[in-house]
Amino acid sequence: MPRLLALVPYLLARPGIEIDEAARDFGVHPRQLRKDLELLWMCGLPGYGPGDLIDLSFEGETVTVTFDAGMRRPLRLTGAEATSMLVALRALAETPGVVDSDAVNRAIAKIEAAAGEARPSGVVVGTGVREAEDTARARRTVSEALKARKALRLRYYTASKDEITERTVDPMRLLIVQSFGYLEAWCRRAEGVRLFRLDRIDGAEVLDERAAPPPDARPTDLSHGVFAERPGQGEADLVLERELRWVAEYYPCEELAELDGGRLRVRMRYGDESWMVRLVLGLGGRVQVERPAELASAVRRRALDGLARARHLPAT
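Residue numbering for the sequence shown follows this note's numbering, starting at 1 and increasing by one per position.
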């Protein structure tokens, strides 16, 4: 509902925008945005006849609103929303590596000016988003290393492999992507540029040596998100039961296809088979692996191994 309410004024301000670009701005798949647009066609003023409903014009891969049914003003921020945005923006302004801090400060000024018009939300909300203590400590250490241009020694948890490693890195910049903080650095262990999520840094120490990324070390292209397609990734075709449709929104998925009974077929990319096995098993038997056969076999072996280890329990 919030997305549908925001779509009309957004499209009015961008006539002829490409659907793929609008989908990126709203953080959804282009197929989902097309479904939203099809639903908007059925929304409008009482009477619900010609001239009452929202009207859209499609030309190729672009869309334009030709009748807005009075939905031309963007939604106003509530008091809690304005406060949350200000807290996040101020944290962003103080984060090293932000490309244009002036733009962030201008956004802060605009929201502060509009905050007086923000309406109460009717709920009690905290005035800030509090980081976990360990994450805040890691961020402070990383910021210190960036400012001093020093190398770092990290103790880092890699979720895809479910392991903790120690490595020395040369910090390059600090990023915020999809609400998560990341350190981008040259990893001497991997001999490449890597992203390290701050909440997965188990320990960080600033070393008494200068950070020296190789001259050919380049920032990661994050225009398509952290989990963009990369060479060598595996692909899995999964069928999700109705109650697991959230998986397609929580994880980057491709090739969405509606099936009977509310089920959904998705294609997911993964860099490590063991991570994918743990994900499938964690979904409690409500997902079917159609492809590849090697992944389905690995899931079956791990499940049988788990049952064998739990035979002494009454529940098994």
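A hint or two may mislead.
To be verified - Keeping only pairs whose Cα atoms sit at most 16 Å apart, straight-line, the calculated EDC-like set for lysine to aspartate or glutamate is:
#  : residue 1 : residue 2
1  : LYS35     : GLU209
2  : LYS110    : GLU133
3  : LYS35     : GLU258
4  : LYS147    : GLU205
5  : LYS35     : ASP52
6  : LYS147    : ASP208
7  : LYS35     : GLU249
8  : LYS150    : ASP102
9  : LYS150    : GLU61
10 : LYS35     : ASP55
11 : LYS110    : GLU144
12 : LYS147    : GLU209
13 : LYS150    : GLU209
Calculated from the structure, these hints are not laboratory results.
(message) Flag every earlier hint the structure violates by its number, smallest first.
(response) 1, 2, 5, 8, 9, 11
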